[in-house]
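Asker: Starting from the known structure of chain L, arrange chains R and Z on it as the hints suggest.
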Amino acid sequence: MSKTSSLKTNPGNFFEDFRLGQQIRHATPRTVTLGDVALYNGLFGPRFAVQSSDVFAARLGYPRSPLDDFLVFHMVFGKTVPDVSLNAVANLGYADCRFLKAVYPGDTLDAVSEVIGLKENSNKKTGIVYVRSRGFNQNGDAVLDYARWVMARKRDEAAAAPGDLVPALPKSVEPSQLGAACPPVNATAYDTVLSGSPHRFGDYKVGEKIDHVVGITVEDAEHMIATRLYQNTARIHFDHFTESKGRFGKRLIYGGHAISLARALSFNGLGNAFHVAAINGGRHVAPLFAGLTVFAWSEVLATAELPGRNDVGALRLRTVAAKDRPCADFPYKTGEEYDPAVILDLDYWVLMPR
Amino acid sequence: MSKTSSLKTNPGNFFEDFRLGQQIRHATPRTVTLGDVALYNGLFGPRFAVQSSDVFAARLGYPRSPLDDFLVFHMVFGKTVPDVSLNAVANLGYADCRFLKAVYPGDTLDAVSEVIGLKENSNKKTGIVYVRSRGFNQNGDAVLDYARWVMARKRDEAAAAPGDLVPALPKSVEPSQLGAACPPVNATAYDTVLSGSPHRFGDYKVGEKIDHVVGITVEDAEHMIATRLYQNTARIHFDHFTESKGRFGKRLIYGGHAISLARALSFNGLGNAFHVAAINGGRHVAPLFAGLTVFAWSEVLATAELPGRNDVGALRLRTVAAKDRPCADFPYKTGEEYDPAVILDLDYWVLMPR
Amino acid sequence: MSKTSSLKTNPGNFFEDFRLGQQIRHATPRTVTLGDVALYNGLFGPRFAVQSSDVFAARLGYPRSPLDDFLVFHMVFGKTVPDVSLNAVANLGYADCRFLKAVYPGDTLDAVSEVIGLKENSNKKTGIVYVRSRGFNQNGDAVLDYARWVMARKRDEAAAAPGDLVPALPKSVEPSQLGAACPPVNATAYDTVLSGSPHRFGDYKVGEKIDHVVGITVEDAEHMIATRLYQNTARIHFDHFTESKGRFGKRLIYGGHAISLARALSFNGLGNAFHVAAINGGRHVAPLFAGLTVFAWSEVLATAELPGRNDVGALRLRTVAAKDRPCADFPYKTGEEYDPAVILDLDYWVLMPR
Numbered sequence: 538m539s540k541t542s543s544l545k546t547n548p549g550n551f552f553e554d555f556r557l558g559q560q561i562r563h564a565t566p567r568t569v570t571l572g573d574v575a576l577y578n579g580l581f582g583p584r585f586a587v588q589s590s591d592v593f594a595a596r597l598g599y600p601r602s603p604l605d606d607f608l609v610f611h612m613v614f615g616k617t618v619p620d621v622s623l624n625a626v627a628n629l630g631y632a633d634c635r636f637l638k639a640v641y642p643g644d645t646l647d648a649v650s651e652v653i654g655l656k657e658n659s660n661k662k663t664g665i666v667y668v669r670s671r672g673f674n675q676n677g678d679a680v681l682d683y684a685r686w687v688m689a690r691k692r693d694e695a696a697a698a699p700g701d702l703v704p705a706l707p708k709s710v711e712p713s714q715l716g717a718a719c720p721p722v723n724a725t726a727y728d729t730v731l732s733g734s735p736h737r738f739g740d741y742k743v744g745e746k747i748d749h750v751v752g753i754t755v756e757d758a759e760h761m762i763a764t765r766l767y768q769n770t771a772r773i774h775f776d777h778f779t780e781s782k783g784r785f786g787k788r789l790i791y792g793g794h795a796i797s798l799a800r801a802l803s804f805n806g807l808g809n810a811f812h813v814a815a816i817n818g819g820r821h822v823a824p825l826f827a828g829l830t831v832f833a834w835s836e837v838l839a840t841a842e843l844p845g846r847n848d849v850g851a852l853r854l855r856t857v858a859a860k861d862r863p864c865a866d867f868p869y870k871t872g873e874e875y876d877p878a879v880i881l882d883l884d885y886w887v888l889m890p891r
Numbered sequence: 538m539s540k541t542s543s544l545k546t547n548p549g550n551f552f553e554d555f556r557l558g559q560q561i562r563h564a565t566p567r568t569v570t571l572g573d574v575a576l577y578n579g580l581f582g583p584r585f586a587v588q589s590s591d592v593f594a595a596r597l598g599y600p601r602s603p604l605d606d607f608l609v610f611h612m613v614f615g616k617t618v619p620d621v622s623l624n625a626v627a628n629l630g631y632a633d634c635r636f637l638k639a640v641y642p643g644d645t646l647d648a649v650s651e652v653i654g655l656k657e658n659s660n661k662k663t664g665i666v667y668v669r670s671r672g673f674n675q676n677g678d679a680v681l682d683y684a685r686w687v688m689a690r691k692r693d694e695a696a697a698a699p700g701d702l703v704p705a706l707p708k709s710v711e712p713s714q715l716g717a718a719c720p721p722v723n724a725t726a727y728d729t730v731l732s733g734s735p736h737r738f739g740d741y742k743v744g745e746k747i748d749h750v751v752g753i754t755v756e757d758a759e760h761m762i763a764t765r766l767y768q769n770t771a772r773i774h775f776d777h778f779t780e781s782k783g784r785f786g787k788r789l790i791y792g793g794h795a796i797s798l799a800r801a802l803s804f805n806g807l808g809n810a811f812h813v814a815a816i817n818g819g820r821h822v823a824p825l826f827a828g829l830t831v832f833a834w835s836e837v838l839a840t841a842e843l844p845g846r847n848d849v850g851a852l853r854l855r856t857v858a859a860k861d862r863p864c865a866d867f868p869y870k871t872g873e874e875y876d877p878a879v880i881l882d883l884d885y886w887v888l889m890p891r
Numbered sequence: 538m539s540k541t542s543s544l545k546t547n548p549g550n551f552f553e554d555f556r557l558g559q560q561i562r563h564a565t566p567r568t569v570t571l572g573d574v575a576l577y578n579g580l581f582g583p584r585f586a587v588q589s590s591d592v593f594a595a596r597l598g599y600p601r602s603p604l605d606d607f608l609v610f611h612m613v614f615g616k617t618v619p620d621v622s623l624n625a626v627a628n629l630g631y632a633d634c635r636f637l638k639a640v641y642p643g644d645t646l647d648a649v650s651e652v653i654g655l656k657e658n659s660n661k662k663t664g665i666v667y668v669r670s671r672g673f674n675q676n677g678d679a680v681l682d683y684a685r686w687v688m689a690r691k692r693d694e695a696a697a698a699p700g701d702l703v704p705a706l707p708k709s710v711e712p713s714q715l716g717a718a719c720p721p722v723n724a725t726a727y728d729t730v731l732s733g734s735p736h737r738f739g740d741y742k743v744g745e746k747i748d749h750v751v752g753i754t755v756e757d758a759e760h761m762i763a764t765r766l767y768q769n770t771a772r773i774h775f776d777h778f779t780e781s782k783g784r785f786g787k788r789l790i791y792g793g794h795a796i797s798l799a800r801a802l803s804f805n806g807l808g809n810a811f812h813v814a815a816i817n818g819g820r821h822v823a824p825l826f827a828g829l830t831v832f833a834w835s836e837v838l839a840t841a842e843l844p845g846r847n848d849v850g851a852l853r854l855r856t857v858a859a860k861d862r863p864c865a866d867f868p869y870k871t872g873e874e875y876d877p878a879v880i881l882d883l884d885y886w887v888l889m890p891r
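Protein chains in written order, with the working numbering: chain L, 538 to 891; chain R, 538 to 891; chain Z, 538 to 891.
Just chain L, with the same shape it has in the complex (with noise of 0.2 Å):
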C-alpha cells in the first residue's frame, strides 16, 4: 500500500467527523457566467422575463438580468456536497433558506458550512447531520442561506455519536426576511405583454391550485451535464456502471433537477413569480430517473406583503412534481402517504410585481 495514494482522493466526511459549532469552507471556488446561463436555460427552459432579458431586467432596476435563482442554488449546493453528502445515504430536507443578493454573470461564489445539528440513528449506522451552508460572492456578499439535513453513513459502526442536537428550524420564513435579493422593482414598468402573463400578486389567492400543464421527459446527457455544470460530485448520478448493481438499477437524477424543471414549468401560470425569495421546505419525496416525464402543479398556502414594500408581494407556494402523471387533478397526498408518482414537494416563497 505505500505505493498507492487513496490517502489523497477524498473520502468524504463520515458521521463520526462532524462537530457541532464546525465550520466547513468549500471547494471549489467558481465564476458564474453566460455560459452557464445559456446551458441552464437550455436544459430547462425557464422563460421568465426578468431572468431572459437585460432590457426588461434594467427597466425594473436591475442592473441586469440575474441568474435563475435555482441556478445560485445549485452552484453553491454542489460545493458542499464533496464535504457534507459524499457519503450520504439520504437528503433529508431543506429549511430556512433565503436568497440574500441576487448574483450576475461574472460573479464568483464560494461556500461554507457550519454545522448545526447531529443526531444517530438508533441503529448505530447512521446518523443526521444537520448544515446550515452559505454562498458568498466575490466581495463576501452572502447570496444564499439555508439549512439542510442528510443521513450520513458511519465509518465504524462502535464509534460514539459526535454530538446529539436536533436544531430549531422555522416551518416557513417569515415574509419580513423576504427580497433581500430583489431591488426596489419599478412595478409600473413591469410589461404583462412581454413577461407572458397578465397576473400579478394581487390576482392569486390563497387555496387556488394551478396545473402547470405541460410535461419534460429528463435525458441522462441532460441531468449529468447540469449536475457537473454545479460541480456536484456524487457519484450515483454519473456512474451506470455501478448503479446498474446498485439500489436502483440505474444513476439516480440529482434532486435539484426536478426542482429546476418544476421551476420551469410553473411559468405556465405563474409567469411573473420572477424571483424565488426563499425555500420553506422541500422533500424528495421519490426518485427520478432519466426516460421519465416531469409534470407539476402549483398551490398557493398564503400571501403576504412585504413590509416597507409596495412594488412586489409574497407568494408562498406548494408545487407538487410528479413522474409520467400529469397533473390536472393536483396529486399530492392520501391521508399522510404520497401519490406514488409524486417525486417533489416543495413549499417556497416567490415574489411577484403589484
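Rather than coming from a laboratory, the hints here were simulated on the basis of the structure.
Among the clues, some could well be false.
Where chains are identical, the list cannot tell them apart; a pair therefore holds if satisfied intra-copy or between any two copies.
[To be verified] DSBU-like cross-link-like pairs, simulated, lysine-lysine; straight-line CA separation at most 35 Å: (1) Lys-787 x Lys-656; (2) Lys-782 x Lys-708; (3) Lys-638 x Lys-662; (4) Lys-661 x Lys-638; (5) Lys-742 x Lys-656; (6) Lys-746 x Lys-708.
Answerer: The following block gives chains R and Z in isolation, referenced to the frame of chain L:
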C-alpha cells in the same frame, strides 16, 4: 373548480380567436449571448468562419462575429409559438423571410406578429392562419421579417370563421431585398484558406448539385436542449409520456432542428456561403425523430448580383435533408411525390464573397 | 457529372497527397468564449480552481481564469482533422506536445501543420503521416505545439510513396520546456482549502499510484456535442446510420473525449495539478462507445523542478482510463498487452504549486 386556475395558464389561440390585422406582441424578450452561441455550435457544428471568429468577421467589416442566422430565426420563431401555434395541427410553410440586421451577442430580441390571412378548412374543424412575424433588437430595429402559416384547430366547430383571406406572398425574395443584414464586406480580405473553401460566388453555376456527404444522428437530449434554448414551448417536442400514446408514438423534433443541421452540413461544399439572407419557402416534408441520421444536398437554383454591391453575390439554393439516407444521388421527388426519406425542402438565398 | 460538384466538397488528403515539409494552414479560425467553457464544464465536470474561478486565478497571477488546457488542445486538434485525418484509419499517437501560452475567453485560435514524416506501410494501401501542428492566438503567439501521427489511406494503391522519413521525436518533454503557459504563480496565495486538496508538489512521490475512484458514463449526445464544439469533422463520431453497418456497429467516440474525462476524474487525488504543461505521449488503446463508464487512475512517473522557478513543480503522470472497470487495482498491462478494459494511456506533465 373555484379553487383551480386553469384560467391562469396559457391555452393558446384557436382558429376562431384570430382576427385579420390583429397585432400580437409576443413574450419573452431574450438577451442572446455567447453562451447561446456556444450551445448552438455544440448542437449543430457549423463552421462558417464569419460566425466562428471575431477576427475573421472584423477583417471583413463586421464589428465582431454575428449570430448564426438560423439561431436568430429560431429565437424569434420560439416567441411566436405560445400565441400562434400552440394549438396548431401542422406548421405548413414559410415565405418572404428576410434577415434585416445582423444580431450580436448581447442584443435583446423580441417579436411581434400580424395576422395577414385566415382561411377556414372545409371540415370546419380547422383553419389556416397566416401571420407575418417580425423580430426586433433592443433598439427597435427589425432583424427578421417572415410570413408563416399554420393549420390551427377550432375550439368550437360551430364558431364562425373569423375571416376569409389568403394573402399574396412572393414565391421568392427579390435580390434587391437581400443583404440588409450584411455590412459592406472587404471581399479581398476574405481568406479562403481560413474559411475552408476556395469557392467564391462566381464558382457556382445554376443547376449545380452538391452532396454534403456527412450525416449526423440526432439524440433526444440534443433537440430538446436546442428547442428549450429558443424558449419554444410546443409540447410535442418534450413530453415522451404523452407522445408515446400520440400520433407518432414518440417526441417529434422541432422542424427548425433539421434546418440547422442541414445548414451546418452544407458547409461541406458551400463553405463561403457565410450569410443566409432570405428564405423563399420551406417545407417540413416529413417528421424527424431521435435516433435518425440527417443527410443533405443542395442545388443552385439561381445566382444574383445585389443591386449596388460588388462585394457579395447571392445564390438561391434548394437544400434538401433526408433521414437515414445518404444523398449522393440527390433524393428529391418522383413527380409531385417526395422521396420517402426527404424531411426538409428549403429554398433560400445565401450570400458569398465575389 | 457536369451538373454535380462533389469537387466542391472536401475529400480530405490521402497518403500520397502529403509532402515532406508541406505547410498546411487550417480552417476554421475560432473565437473561444465563456460559452465554450461552460459547455466544457457541463460535459466533463472539471473542478480545478484556477480554471473555475477568476478570483482564484487572479490571486495567483493570471489575469483571469484560463481555458482548460485540453479544451485548447481539442480546439486546435479539431482544425487539423479536415486536412490531416479525414481519411485516417487510425490516430496512432501524440508526442512532444507543449502548451506555450495561456488561452483566455475571447482569444481567437487558428492552426498550422507541417508534414514532418511519411512512411508507407508494406501493404502499399496505407501510410503513416507525421505532422507537427501549432495553434496560435489572435496575436500570432503560439499557444500549443505538438506532433501527431495517423495512418492514412492511399487513394490509389499504385501511387508512389510521397516520402520516406520517420521523424525523431522525444520520448518526453524536458522540464526546461515546461511552464511557458503558466505565469509566475504566487504559491503562498494558493489556498488549498478552496482548491479542494491539501497536497502540493512536494507531497507526491515517484511510483505513487492514485485511483481516481469515480466513474462517468458517456452518452451519445454528450460526445457529439463536445466534438462538434471543437469543429472536429470526423464522420465516425456522428453518423449512426453509416457506422451501424461499419467496423464497430456504432459511433466511435472521439479519443479526446476520454482524455478530458480522465483529466476531470483525476481531480480526485490530483486537485492541485492545475495546469497540463505538456503531453509526452498518448495512446488510444481501445475504442470507447456511448453507454460505457470511464474510470481512471494515475501513476507519478517523475517529479521535476522547473529551471529558474520555485513557484511550481512538475509531475510526470501516466493516467490510464478504463471502461466499465473500476481502477482500485490499477489495471494496465500484462507483459506488452494492455488490460482489455484500458482505453487510454496518457503520459504528460502537470504543474503544481510548491
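Asker: Please name the hints from earlier in the document that this structure breaks, with their numbers sorted from lowest to highest.
Answerer: The structure conflicts with hints 2, 3, 4 and 5, although it agrees with all the remaining ones.
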